[in-house]
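Q: My request is simple: use the sequences and hints to build the entire structure.
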Amino acid sequence: MEAGAAIIARNARNDNKAGIAQCACPRKLQRCSDMLQVKSKIMFNKKIAPNCFHCVINAPGIARLAKPGQFVNIRVSDGITPLLRRPLSIHKVKAGNVGLLYEVLGQGTQILAKRKPGEYLDVIGPLGSGFTYQRPTASSERLILIAGGMGTAPLVFLAQRLTKRDVIASPERSEERSNLIKIALSQEETQAPRNDGMIRYSPLVLIGAKSRSHILCEKEFKDLGCQVKIATDNGSRGFKGYVSDLLESELSTVNSQLSTAPARRFRSVNSQLSTVNYELLTIYACGPRPMLEEISRISQEHNVSAQLSLEAHMACGIGACMGCAVRIKKNNGVEYRRVCKDGPVFAAQEIEWGIHGC
Amino acid sequence: MAVNLSTNIGKLKLQNPVMAASGTFGYAEEFKDFIELKKLGAIVTKTITMRPRPGSRPARTCETPAGMLNSIGLENPGIEVFLKEKLPFLAKIGIPIIVSIASEIENYEYALLCERLDKASGVDAVELNISCPNIKRLARQGFCSGEAKAEARREDLPLISQDPQATYELVSLARKATKKTLITKLSPNVTDIASIACAAEEAGSDAVSLINTLQAMAIDVKSRAPKIAMITGGLSGPAIRPIAIRMVYEVYKKVGIPIIGIGGIIDLFSALEFFIAGACAVSIGTANFINPKTTIEIIQGLKEYLKSNKIKDMKELIGSLAI
Chain A
1 MEAGAAIIAR NARNDNKAGI AQCACPRKLQ RCSDMLQVKS KIMFNKKIAP
51 NCFHCVINAP GIARLAKPGQ FVNIRVSDGI TPLLRRPLSI HKVKAGNVGL
101 LYEVLGQGTQ ILAKRKPGEY LDVIGPLGSG FTYQRPTASS ERLILIAGGM
151 GTAPLVFLAQ RLTKRDVIAS PERSEERSNL IKIALSQEET QAPRNDGMIR
201 YSPLVLIGAK SRSHILCEKE FKDLGCQVKI ATDNGSRGFK GYVSDLLESE
251 LSTVNSQLST APARRFRSVN SQLSTVNYEL LTIYACGPRP MLEEISRISQ
301 EHNVSAQLSL EAHMACGIGA CMGCAVRIKK NNGVEYRRVC KDGPVFAAQE
351 IEWGIHGC
Chain B
1 MAVNLSTNIG KLKLQNPVMA ASGTFGYAEE FKDFIELKKL GAIVTKTITM
51 RPRPGSRPAR TCETPAGMLN SIGLENPGIE VFLKEKLPFL AKIGIPIIVS
101 IASEIENYEY ALLCERLDKA SGVDAVELNI SCPNIKRLAR QGFCSGEAKA
151 EARREDLPLI SQDPQATYEL VSLARKATKK TLITKLSPNV TDIASIACAA
201 EEAGSDAVSL INTLQAMAID VKSRAPKIAM ITGGLSGPAI RPIAIRMVYE
251 VYKKVGIPII GIGGIIDLFS ALEFFIAGAC AVSIGTANFI NPKTTIEIIQ
301 GLKEYLKSNK IKDMKELIGS LAI
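Residue numbers (the working numbering), protein chains in the order written: chain A, 1 to 358; chain B, 1 to 323.
Simulated from the structure, these hints should not be mistaken for laboratory data.
Bear in mind that the values here come from a model prediction, so they are computed numbers and not experimental data.
Ideal Cβ positions, reconstructed from N, Cα and C, are used throughout, including at glycine.
Be careful, since some hints might not be right.
Under 10 Å between C-beta atoms, here's a sample of chain A residues computed to sit facing chain B [unchecked claim]: (1) 35; (2) 80; (3) 241; (4) 313; (5) 314; (6) 317; (7) 318; (8) 321.
Computed list of lysine-lysine pairs in DSSO-like fashion (alpha-carbon distance at most 27 Å, straight line) [to be verified]: (9) B:136 to A:329; (10) A:39 to B:293; (11) A:39 to B:303; (12) B:38 to A:341; (13) B:315 to A:41; (14) B:39 to A:39; (15) A:341 to B:180; (16) B:293 to A:67; (17) B:293 to A:41; (18) A:341 to B:92; (19) B:84 to A:341; (20) A:341 to B:310; (21) A:329 to B:84; (22) A:330 to B:136; (23) B:253 to B:38; (24) A:114 to B:222; (25) B:179 to B:119; (26) B:39 to B:222; (27) B:222 to A:210; (28) B:84 to A:330; (29) B:86 to A:329; (30) B:293 to A:341; (31) B:84 to A:67; (32) B:293 to A:116; (33) B:11 to B:84; (34) A:329 to B:227; (35) B:38 to B:119; (36) B:227 to B:254.
A: Here it is in structure tokens:
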């Protein structure tokens, strides 16, 4: 305890660790701050697809704290043009580096695209509440990741965490549910646990893109062991149509069995405790607003739990200004949540889509 | 060389003249990871109203050249939840806490809010937000009970802070309702801000803070739609600084009470302009979004500036415009 107190005192003198000075718990020393503001070196910043850039920054503090679904808020230049930071989803995390994927849409991203390796970026993160998930403990659980266009970005990080090897925790899984899913997804690979007790888990990833040249991260998902299906607007590869149509087609193969399953109880995904029990299927989606609205409708129709990562224009990005509001469903009256703090991930049935907010 | 940054505003004793501006700092909790809150001169909370307010329809913010628009719509949990859930954290910090208040039903509620805050320990001062451009004031006649009635009676009345007489009446009422330090926040959406400031002073305000945001607009050319849902909003950021400085200068010539300068301050030099124009303290707003450490960096910068210019006391800077 003595040593802990001394370390707290030393760190308190360091301006960057202001969060620790206010924290009384010695065990939280290095991780007292949930959010960091750091100057991060650019390791890589290149165009990888039409109008799409991959940027890697060295940010070990953020990398250590980051959870899938969270984002960083970046100052793209030192001055007042542009004024505000730009929020970007955390795309990948590896060895203290944070990968970002972005589209050049306006002034801010235009400037970011010109920044070079060796230069530094002022980055705040990790921000937001992230996806709620558990690494599957039985091969009968199925998670579906739906990536529309640039929405791919945070889902790669999620896939990284989902496919990390892990020992089976051996909870009880109902026999009945297990059999249902085996019948329903009989075309899919069902993998038996190996003798060493390790389970290989394969999420299903649906990627939606305008055309074959716009497909993002297919190789990344496959390398992580995911099963990938593609939808292109113009049919130049895979399913012709929107990724939400592809989802509907996937669900219809499962439908007849699933509809006899007990109704799912929804639990708030904003819980910090991640003790949510997933039933047969869970959807994680990120992409353009119309896609999310469709996924929301489809998932609720099929009674499947779905988590959506939303976007909103942000000013502070840390939950203080109330600018990035999204309307949530409420029986009487109006209520909003902050996309930067209460989100960006929300349960599909929470969102009141009527109000345009992005 | 020891330098003195401290300043007094009404009954408040600030260790330095740098504050966090209302609406840009929440109730301080979000900033605890970035700065040592107890080093600030003071914190002004997000504006509180009698009842909870959900705020305006999104989109609430957009970027403009060297600035931003906001139409948050005074989203806040209401006075009771504020006192119970937000004030405890603020009170523990150990620096003056200034609570900003507003009402859609003018005087009546301002007085109630002042009385409530007068009794709350942990609250050191009240800032009267009579200048927010993002809420519609309800009809003067009758007390509106219930959201539906309120909707029906909504009118586009001018803000209290756009009329010297209305300002005088409001501030007098608030003055009677609290003995704590009273600050009146002024609107720049007027022709003669000094006359409003004088009215506040005459009514007993301990200080004035200026400026609040400027009523402004931006249009998305592709969709031809306004960039924010409420069409117009408040402009803030470096773009408004020259207007803010001019207004501080004009008010400084006419009033004797302390002036808190607000408007696009992002660093030491922009803060210095306000002190020289006549502000005895400054409030940092939009800059907190760009760099959460701005307030602390300005305090540090002020110390070093005074030292290297051999100025012993902040007071020597205030109103030291060379004309």
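Q: Give a verdict on every hint.
A: How the hints compare with the structure:
1. Below 10 Å, beta-carbon pairs count as interface contacts, and residue 35 of chain A has one with chain B at about 5 Å; its hint therefore holds.
2. Hint status for residue 80 of chain A relative to chain B: holds, with the closest Cβ pair at about 5 Å, below 10 Å.
3. At about 26 Å, the closest approach between the beta carbon of residue 241 of chain A and any beta carbon in chain B exceeds 10 Å, and the interface hint on this residue is violated.
4. Taken as an interface hint, residue 313 of chain A checks out: its beta carbon lies about 5 Å from the nearest beta carbon of chain B, inside 10 Å.
5. The beta carbon of residue 314 of chain A is positioned within 10 Å of a beta carbon in chain B (closest approach about 7 Å), and the interface hint is therefore held.
6. Interface restraint check: residue 317 of chain A against chain B, minimum CB-CB distance 7 Å, threshold 10 Å, status holds.
7. Interface hint status for residue 318 of chain A: upheld, as the beta-carbon distance to the closest one in chain B is roughly 5 Å, under 10 Å.
8. A least Cβ separation of about 6 Å between residue 321 of chain A and chain B falls short of the 10 Å threshold, and the interface hint therefore holds.
9. Taking the CA atoms of residue 136 of chain B and residue 329 of chain A, the gap is near 25 Å; set against the 27 Å cutoff, the hint holds.
10. For the proposed pair residue 39 of chain A and residue 293 of chain B, the alpha carbon gap of about 13 Å is at most 27 Å, so the pair holds.
11. Restraint check for residue 39 of chain A and residue 303 of chain B: the C-alpha separation of about 25 Å stays at or below 27 Å, so the hint holds.
12. Annotation: proposed proximity of residue 38 of chain B to residue 341 of chain A holds, straight-line Cα distance about 24 Å (limit 27 Å).
13. Between residue 315 of chain B and residue 41 of chain A the alpha-carbon distance is near 42 Å, which puts this suggested pair outside the 27 Å criterion.
14. Using a Cα cut-off of 27 Å, the hinted pair residue 39 of chain B and residue 39 of chain A holds, with the two alpha carbons roughly 23 Å apart.
15. Distance check on the hinted pair: residue 341 of chain A and residue 180 of chain B sit about 34 Å apart at the alpha-carbon level, beyond 27 Å; violated.
16. In summary, the hint linking residue 293 of chain B to residue 67 of chain A is supported, as the alpha carbons are separated by about 25 Å, within the 27 Å threshold.
17. For the given pair, residue 293 of chain B sits about 20 Å from residue 41 of chain A by alpha-carbon distance, which is consistent with the 27 Å threshold.
18. For the hint pairing residue 341 of chain A with residue 92 of chain B, the CA-to-CA distance comes to about 23 Å; that is within 27 Å, so the pair holds.
19. Among the hinted pairs, residue 84 of chain B with residue 341 of chain A is consistent with the structure: their alpha-carbon atoms are about 21 Å apart, no more than 27 Å.
20. Taken as a hint, the residue 341 of chain A and residue 310 of chain B pair is broken in the structure, with Cα atoms around 45 Å apart against an allowance of 27 Å.
21. Between the alpha carbons of residue 329 of chain A and residue 84 of chain B the distance comes to roughly 26 Å, so the proposed pair stays at or under 27 Å and holds.
22. Distance hint between residue 330 of chain A and residue 136 of chain B is fulfilled; the C-alpha atoms sit about 24 Å from each other, no more than 27 Å.
23. Only pairs whose Cα atoms come within 27 Å are accepted, and residue 253 of chain B paired with residue 38 of chain B is rejected, the gap being roughly 33 Å.
24. This hinted pair checks out: residue 114 of chain A and residue 222 of chain B have alpha carbons roughly 25 Å apart, not beyond 27 Å.
25. The hinted pair formed by residue 179 of chain B and residue 119 of chain B meets the criterion: a straight-line CA distance of about 10 Å does not exceed 27 Å.
26. A distance of roughly 46 Å separates the Cα atoms of residue 39 of chain B and residue 222 of chain B; the hinted pair therefore is violated under the 27 Å criterion.
27. Under the criterion of a C-alpha separation no larger than 27 Å, the hint pairing residue 222 of chain B with residue 210 of chain A is consistent with the structure, at around 21 Å.
28. With a C-alpha separation of about 24 Å, the suggested pairing of residue 84 of chain B with residue 330 of chain A holds against the 27 Å cut-off.
29. Distance hint between residue 86 of chain B and residue 329 of chain A is fulfilled; the C-alpha atoms sit about 25 Å from each other, no more than 27 Å.
30. A distance of roughly 19 Å separates the Cα atoms of residue 293 of chain B and residue 341 of chain A; the hinted pair therefore holds under the 27 Å criterion.
31. Distance check on the hinted pair: residue 84 of chain B and residue 67 of chain A sit about 32 Å apart at the alpha-carbon level, beyond 27 Å; violated.
32. For the hint linking residue 293 of chain B to residue 116 of chain A, the alpha-carbon distance of about 25 Å falls within 27 Å, and the restraint holds.
33. A distance of roughly 25 Å separates the Cα atoms of residue 11 of chain B and residue 84 of chain B; the hinted pair therefore holds under the 27 Å criterion.
34. Distance restraint check for residue 329 of chain A and residue 227 of chain B: the Cα-Cα separation of roughly 24 Å lies within the 27 Å cut-off, and the hinted pair is therefore satisfied.
35. Our distance criterion of 27 Å between C-alpha atoms is met by residue 38 of chain B and residue 119 of chain B, whose separation comes to about 23 Å.
36. The suggested pairing of residue 227 of chain B with residue 254 of chain B is violated, with an alpha-carbon distance near 38 Å, which exceeds 27 Å.
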